[in-house]
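K.L.:
Each chain, written out:
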Amino acid sequence: KAGVTQTPRYLIKTRGQQVTLSCSPISGHRSVSWYQQTPGQGLQFLFEYFSETQRNKGNFPGRFSGRQFSNSRSEMNVSTLELGDSALYLCASSLSPVGTAAKNIQYFGAGTRLSVL
Amino acid sequence: AQTVTQSQPEMSVQEAETVTLSCTYDTSESDYYLFWYKQPPSRQMILVIRQEAYKQQNATENRFSVNFQKAAKSFSLKISDSQLGDAAMYFCAYTEDKIIFGKGTRLHILP
Chain A
1 KAGVTQTPRY LIKTRGQQVT LSCSPISGHR SVSWYQQTPG QGLQFLFEYF
51 SETQRNKGNF PGRFSGRQFS NSRSEMNVST LELGDSALYL CASSLSPVGT
101 AAKNIQYFGA GTRLSVL
Chain B
118 AQTVTQSQPE MSVQEAETVT LSCTYDTSES DYYLFWYKQP PSRQMILVIR
168 QEAYKQQNAT ENRFSVNFQK AAKSFSLKIS DSQLGDAAMY FCAYTEDKII
218 FGKGTRLHIL P
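Just so you know, the protein sequences line up as chains A and B, in that order. Be aware that the first sequence starts at 1, since it is given in the working numbering, and climbs by one per residue. Be aware that the second sequence starts at 118, since it is given in the working numbering, and climbs by one per residue.
Next comes chain B alone, as it looks inside the complex (with noise of 0.2 Å):
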């Protein structure tokens, strides 16, 4: 069965610094989606960034991007220069059929 790890039950990083989530998923499919969601305390999920298994170029929004290691199946995001609106829970997934999401990171902004 396919799965989804995020390593980082929580995360901090000074506004205007950069962080990186990690997400690891294992399947044995070729071709499949993997999205980054970003929850922040209102709850409504809401779509960072989708990566196309089959795209070798890392998928890029603002300030926003993945690095996208599909041998190693890993699936990181990095955000820039962070805001405090950036603060929230980020949710990595992966889907073949249906959607599989890993556990969650929260990330903290410090201003």
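If we strip away everything but chain A, and leave its shape as in the complex, we get (with noise of 0.2 Å):
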């Protein structure tokens, strides 16, 4: 069974411009979650999509938001970039049949980086 897999693995932007990121989960899962890591920071959730539907997100400014397709695909978009932005962007997959994905096992993808000049 393929793992998930995000793409791209790299990407360089400037400031201003906007990026979107794509994220396939495992098959049959249908949730998807997805967190930023940086040095700073360290790991933050950003939103959690099961069904097409958001049903969970931290506390990231509206600049960043995501979307689930009804193949359970999801795509993380970044508006606006600023310099700050600049991190690994991690997605996760999880089954999920009750209850939010949280307590459910997570699995990860490899993650995008991300950088800002």
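Hints were generated in silico from the structure; no laboratory data involved. C-beta: ideal position from N, C-alpha, C; glycine also. Incorrect hints may appear among the rest.
[Claimed, not checked] Chain B is nowhere near these chain A residues, computed Cβ spacing over 12 Å in every case:
1. R9
2. G16
3. V19
4. T20
5. N59
6. R63
7. N71
8. E75
9. L117
[Unchecked claim] Derived lysine-lysine pairs resembling BS3-like cross-links, with alpha carbons at most 25 Å apart:
10. B:K172 <-> B:K195
11. A:K57 <-> B:K215
12. B:K220 <-> B:K195
13. B:K190 <-> B:K172
14. B:K215 <-> B:K187
15. B:K220 <-> A:K57
Put the two chains together into one complex, using the hints given.
P.N.:
Following this line, the structure appears as structure tokens:
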């Protein structure tokens, strides 16, 4: 069974641009969560999607948005990029049959390294 | 707000020895889950072990075990017979409705 796939692996953008990251979950998993990892702030929860609906979100500005498609694939978008958005963005999927994804085992992708210049 | 604290930014252990990574958390909830995740240089987070708060028995997975002290809000990870492949960042995580991670402990294995 293929794992969680994130594309692209690396991305370089300039301030003010926007970016879209993609995540394909493990087959059969319906929940996708996104995390931002930086040396200063560590790992922070962005949002979680289940069955195309955002079910939970962290404390990030509205420039960070996401969506989930009917095949459970998810995209994350960041508009008007700032230097502080440089980070490793991790996606995780889980079965999440009941409750929220957090209590289910999450399987992570290798991440997308975003650099904002 | 819930918080997770890992007080050891870095640790080293001799190969084949035992090492314990510390984690404390703060919550007023009684029903939650705790996890230890490992992040090797490949960056992919891997679940090491999971503990349900309502279970008093400490979770064990092969060479990895936890010491869960609910009253003290402590959740340490013990790695026995350390191997070179155990070198990684280890994150403690608390979850009730969303996951909150600690800052991580970088573990070095000395040959």
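K.L.:
All the hints need checking, so say for each whether the structure fits it.
P.N.:
Quick rundown of the hints versus the structure:
1. Separation of R9 (chain A) from chain B is inadequate, the least Cβ-Cβ distance of about 9 Å not exceeding the 12 Å criterion.
2. The Cβ of G16 (chain A) sits about 27 Å from the closest Cβ of chain B, beyond the 12 Å cut-off, so the non-interface label holds.
3. Residue-level check passed: V19 (chain A) sits 18 Å from the nearest beta carbon of chain B, beyond 12 Å.
4. The claim that T20 (chain A) lies off the interface holds: its Cβ sits roughly 20 Å from the closest Cβ of chain B, which is beyond the 12 Å cut-off.
5. For N59 (chain A), the requirement that its beta carbon stay farther than 12 Å from each beta carbon of chain B is not met, with the minimum near 10 Å.
6. Against chain B, the non-interface label of R63 (chain A) holds: every CB pair exceeds 12 Å, the least being about 20 Å.
7. Remark: the non-interface label on N71 (chain A) is consistent with the geometry, its nearest Cβ contact in chain B lying 22 Å away (cut-off 12 Å).
8. Consistency note on E75 (chain A): stated as away from chain B, and its beta-carbon is indeed over 12 Å from all of that chain's, at 20 Å minimum.
9. With a closest Cβ-Cβ approach of about 21 Å to chain B, L117 (chain A) is found to remain outside the 12 Å limit, as its non-interface label requires.
10. Taking the CA atoms of K172 (chain B) and K195 (chain B), the gap is near 18 Å; set against the 25 Å cutoff, the hint holds.
11. Distance check on the hinted pair: K57 (chain A) and K215 (chain B) sit about 8 Å apart at the alpha-carbon level, within 25 Å; holds.
12. Proximity of K220 (chain B) to K195 (chain B) is assessed by CA-CA distance (about 18 Å); at most 25 Å being required, the pair is judged to hold.
13. As the CA atoms of K190 (chain B) and K172 (chain B) are separated by approximately 14 Å, the hinted pair is consistent with the 25 Å bound.
14. Distance restraint check for K215 (chain B) and K187 (chain B): the Cα-Cα separation of roughly 19 Å lies within the 25 Å cut-off, and the hinted pair is therefore satisfied.
15. Between K220 (chain B) and K57 (chain A) the CA atoms are separated by roughly 20 Å; this keeps the pair inside 25 Å, and the hint holds.
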